[in-house]
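Number of protein chains: 2
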Amino acid sequence: MMKPSIEFVPGAAPPSSIIIETVAPVIDAGRYAVKREVGDTLQVSADVFKEGHDQIAAVVRYRLGCEGDWREAEMHFIDNDRWGGEFPLEQIGRYQFEIEAFPDFYATWSDELRKKADADFDVTSELLEGAHFLERVARSAAHRDQHVLGDAVARLSDAQEQKAAVQVALSAQVAEAVHHNRPRDGAQRVGPFEVVVDPVLARFAAWYEIFPRSAGTDPSRSATFHDVIGQLPRISGMGFDVLYFTPIHPIGTTKRKGKNNTLIAEPGDPGVPYAIGSPEGGHDAFEPSLGTAEDFRALVDAAGEHGLQIALDLAIQASPDHPWVNEHPAWFYHRPDGTIKYAENPPKKYEDIYPINFQNEDWQALWHELKRIILHWIDHGVTIFRVDNPHTKPTIFWEWLIGDVKAQHPEAIFLSEAFTRPKVMKALAKAGFTQSYTYFTWRNFKRELIEYLTELTQTEMKEYFRGNFFVNTHDILPYILQEGGRPAFQSRVVLAATLSSLYGIYSGYELCENTSVPGKEEYLHSEKYEFKARDWNAPGNIADYISRLNQIRRDHPALHEYDNLRFYPADDDNILCYGKVSPDGDDNVLVVVNLDPFHAHETMIHLPLDVWGIGWDEQYRADELLGGETYIWTGGDQYVRLDPHQNPAAIYHLRAWLHQDYAEPCF
Amino acid sequence: MMKPSIEFVPGAAPPSSIIIETVAPVIDAGRYAVKREVGDTLQVSADVFKEGHDQIAAVVRYRLGCEGDWREAEMHFIDNDRWGGEFPLEQIGRYQFEIEAFPDFYATWSDELRKKADADFDVTSELLEGAHFLERVARSAAHRDQHVLGDAVARLSDAQEQKAAVQVALSAQVAEAVHHNRPRDGAQRVGPFEVVVDPVLARFAAWYEIFPRSAGTDPSRSATFHDVIGQLPRISGMGFDVLYFTPIHPIGTTKRKGKNNTLIAEPGDPGVPYAIGSPEGGHDAFEPSLGTAEDFRALVDAAGEHGLQIALDLAIQASPDHPWVNEHPAWFYHRPDGTIKYAENPPKKYEDIYPINFQNEDWQALWHELKRIILHWIDHGVTIFRVDNPHTKPTIFWEWLIGDVKAQHPEAIFLSEAFTRPKVMKALAKAGFTQSYTYFTWRNFKRELIEYLTELTQTEMKEYFRGNFFVNTHDILPYILQEGGRPAFQSRVVLAATLSSLYGIYSGYELCENTSVPGKEEYLHSEKYEFKARDWNAPGNIADYISRLNQIRRDHPALHEYDNLRFYPADDDNILCYGKVSPDGDDNVLVVVNLDPFHAHETMIHLPLDVWGIGWDEQYRADELLGGETYIWTGGDQYVRLDPHQNPAAIYHLRAWLHQDYAEPCF
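For the protein sequence lines, the chains are A and B, in the order given. Mind the numbering: the first sequence is residues 305 to 971 in our numbering, read in order. Mind the numbering: the second sequence is residues 305 to 971 in our numbering, read in order.
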């Protein structure tokens, strides 16, 4: 943003003297788009002012895409030079908006006329001035307004009856006719700014992660896409929306890792799905043991019938056997001796994986091939991509890729699996990722949860960063789950599912699997290196608890929103209390969680009844949705006791008690 | 700021993947310049990062003006992807700066080499890679580095002795030679951003306002520039730096106002100096009764000899008798009947003043004439302008005018007399005004003072808005002075002179003049409408108090700074406690003010000894500078009592007590 240069050339109009500043919502002065979901209304605001006492008008201009016709919505003065307006986001895609403001001569003039007339001044001159203005407006006015304006000009020009002329000048009809045809001399405009409008699924979804090869019952061999179809009733039955697969592409054999990350694979060891590529193909091929393209299509269709969308894993790296290695050697890093460098983080080596050089001399072919791969999978019915380690690839690449793909497929969703430094995670989200992994996985206690969630949902981050709260992943078995056992599995999934509108679990969570590599947050006998078959009905499982939780999420519009989270005080430091209210105010959900998986805690909680419009002496009902109890409460201070072995968390639906007083019976 | 478009054309280099964000200090994404004073060092910082684990380097590039050669200063990693650097502001003028960052191949490579060598890996490949890199650096290296680099290439290429080669590769000489010649492939650059560097007087000055026509001893006639020369010893004796004159131009006679703003002037009434223009001339002429151009020049010179700089009042408006009225009728607002509109704010009328239409069809001639007038006065030795009501003229006009004038005369200072809405005041400062009037005039009590001063000195405002704290003006006699009398005059001037490094008084303040138009903040018998002659030795005057205050300001570098204000807790709500420490830490001034002009208050104050490096059990001395008492204090909690009729305020110079222990005498 540099200052405007002023053109001192004969006949040039003076520069606009209106200032438009601090437009919201805008990220980094418009460098990046904000994010919303279809059906939302975008609330736009800005500081708008000019010198002196002239009145001004402002509009927000908007359009879908960057070529359509602009539409306009009037902005209104709020306070302290702040103006606000809004427009509906009726379709998915990329909207643009601008703010335009201009002096409102009619408003300034009519206001002055009214004051002078009220003070019984002679207003002959003012009426003549108004007549001239209205004449000018009439010249370029729409036909329907010509008559009103013409009449007014006549009345104002021949002002024998000043009082009547003033009435005409200030009449609603004249004001409206002028409004339709306002001259915009001296207009200032800022923008365009952008809004990416995603499907609602971008904001509200429960994800379930599996290794498709573990969908069977025989741990000695790979399950198939067909076996995954067999799992769909169980997974959709728990209420999940997105079924995310770790990579399904051919796995390399060179330097293949064995069970538990051993350096040498035994015969029959399936290898790590992230070591992508073999003679069977690369990122657009299927690991043969999983099935064929037809099988995959059948799975995508069957998932759709179960209300599940498939998400694929995009891991841009190659096994030494990937076709790219021979076809595009330039895409890799080379040693002086010409060999290709494997991934390493000295002294650690990852010899089964070659990283990709995004800035090699043949970068254009690489970037376009990666786009082709995404479009290929979209053609196969997959529009959701969980992107592995995006922070090790150029952010500018993602901005280009996601922008280009979404220009064709605005329904596409990209989840950033960037567990890295905070500013890098934010940059990826700004650059276009629809959703992001978060530090939630490691935020267990009260102060840190409040602090982090406040940053995510109440600061500028809410405009572009949608945190998808994973309680675990195939790479991360958090200590709280290792130590806290079943109560921790319950409280953590309640936190994830209610703090954020987006959350996910990695399969096995419902079985409270928590055997780790000693001292690490890694799973022992990790599925990354071997086949797995599970008993989904194992004792102690919390599948029903998760099903109930997802049903509560679906039933309650308050939980469909991301940035409506509010924390409420609870006296005990082990108990977190928070809630969400739906945008229309009709749905009010209160959540109380015991963060200590070992001991029961009891506390007073303090609820903002005034914000909710409930009187301090009014009864309201609190239906606890996990356990099914109903309480009648009065006042904002309430008592809650949570025993991790009984009820580690409580979710209340709060409603005013329906008051019915005695009424004369009709008989 | 729009996103970069990526060029997919044959041979194009890949886009830089470095991100540079949140550069500071920057106003509105670089739309406006930040302000500093000559001798300062500009501290620049930014978030700088890229994908992956490559190391990066960053520099801040800077130059005076927009055409000179760029110089560079290295930036250093601070924390959390934040980088900082600095450069000296050695001259007044407009500096530009940019931030450039690029991958630091040598740092990445040498770090990896070190880790691998430490782990006893074979590093043949790494050394060869390094040799290739150093060879490339050597090719474009400065002569002095060729030798070091050539040697290193030889040692690394023939690595029979790996350990020795690693030592060479990591040696300080090689690192330095590489540093001088770093390749900048993949560089990212943001900017330019701008810094206006003003004279120190822009930040640290005490202003004194007079009506030159009242500088004499006979209230029945106009004093002259010569009489003003007679006042210089008194004014400079009080320690003021800037002597500001209300307009000195010919005053119109048409609709001239009489004493106390009466509509009809009596013969001999001098008129309002803001009704500028008569047949004698306009904004570049002198009111004949004040003197000639020669007299004025003599006054400017004499003021200089007394250490005073003259500030003129720029009020862009005209009396009906201004030469512009006939010469440039297009510059005014006209009624339908062709007559010129006078200023009004219905139902109020200001018939002695015509406002100027800045956006008339002949605006270019007007704007250039106004610039000519400024340059005219600069030719007459005046470089300081107090601008009357700038908020009723287009901000874009000021941005152009001040920018153009300062391009020729970077020493020029413009003070914005905009008492208006906060965002308008800020916009004028951003647009280029050197200093600004503030709401200080109406901030009397503890909470409101802390809140407002914190906004001014501790938020983004400090980068562009220098508040000049006027305790009174010819238009404003605040109620606190009307009600509080002499103690209020004392406490208010201490507040102004120590809260801000810039402050001002309107003459008569030192006499505690406080007779108002009843119920208003206006002076009765205002100098705006009549001549005045004062007895500067009138009983009860606080001239000595002000002299002492200004001497304290001059003696203490801590009080020369604007944004080093810190508030400290005082238990009593009537007592404000704050302080300033000089940038080098050597000067520590503590101020305690009783805000209640009626009653004595006593309180404990709580000082941050830890920040100052004074131990809780160490003695330090507090020399009270207004009264001359010395106290020895221990600990951060101290007792202060302030009686408005004795000592409404205290200013302490705090110093560690010089400890001298017993030492064996040398005899």
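Check before you lean on any hint, since a few could be wrong.
[Stated by the list, open to error] No more than 27 Å apart at the CA atoms, straight line, and that leaves these computed lysine-lysine pairs for BS3-like: (1) A:Lys559 with B:Lys419; (2) B:Lys824 with A:Lys419; (3) B:Lys467 with A:Lys653; (4) A:Lys645 with B:Lys467; (5) A:Lys645 with B:Lys420; (6) B:Lys730 with B:Lys559; (7) B:Lys467 with A:Lys419; (8) A:Lys467 with B:Lys824; (9) A:Lys420 with B:Lys559; (10) B:Lys652 with A:Lys652; (11) A:Lys467 with B:Lys652; (12) A:Lys766 with A:Lys652; (13) B:Lys419 with A:Lys824; (14) A:Lys645 with A:Lys675; (15) A:Lys727 with A:Lys559; (16) B:Lys420 with A:Lys467; (17) A:Lys652 with B:Lys420; (18) A:Lys824 with B:Lys750; (19) A:Lys653 with B:Lys419; (20) A:Lys652 with A:Lys559; (21) A:Lys420 with B:Lys766; (22) B:Lys559 with B:Lys824; (23) B:Lys419 with A:Lys645; (24) A:Lys653 with B:Lys563; (25) B:Lys727 with A:Lys652; (26) B:Lys653 with A:Lys420.
[As the list claims (entries may be wrong)] Beta-carbon label-pair distances, calculated as ranges: (27) B:Asp599 with A:Asp462: 26 to 36 Å; (28) B:Thr758 with A:Gly917: 55 to 65 Å; (29) A:Gly707 with B:Trp746: 22 to 32 Å; (30) A:Ala328 with B:Phe312: 45 to 55 Å.
[Said to hold, decoys possible] Listed next, the stretches of chain A that the computed footprint assigns to chain B, with coverage defined by at least 3 CB atoms under 8 Å from CB atoms of chain B: (31) 352-362; (32) 718-728.
I should point out that these hints are in silico values taken from the structure, not numbers from a laboratory. Heads up, the beta-carbon is just placed ideally off N, CA and C, and yes, glycines get one too.
Hints violated by the structure (numbers, ascending) = 6, 7, 8, 10, 12, 15, 16, 18, 21, 24, 25, 27, 28, 29, 30
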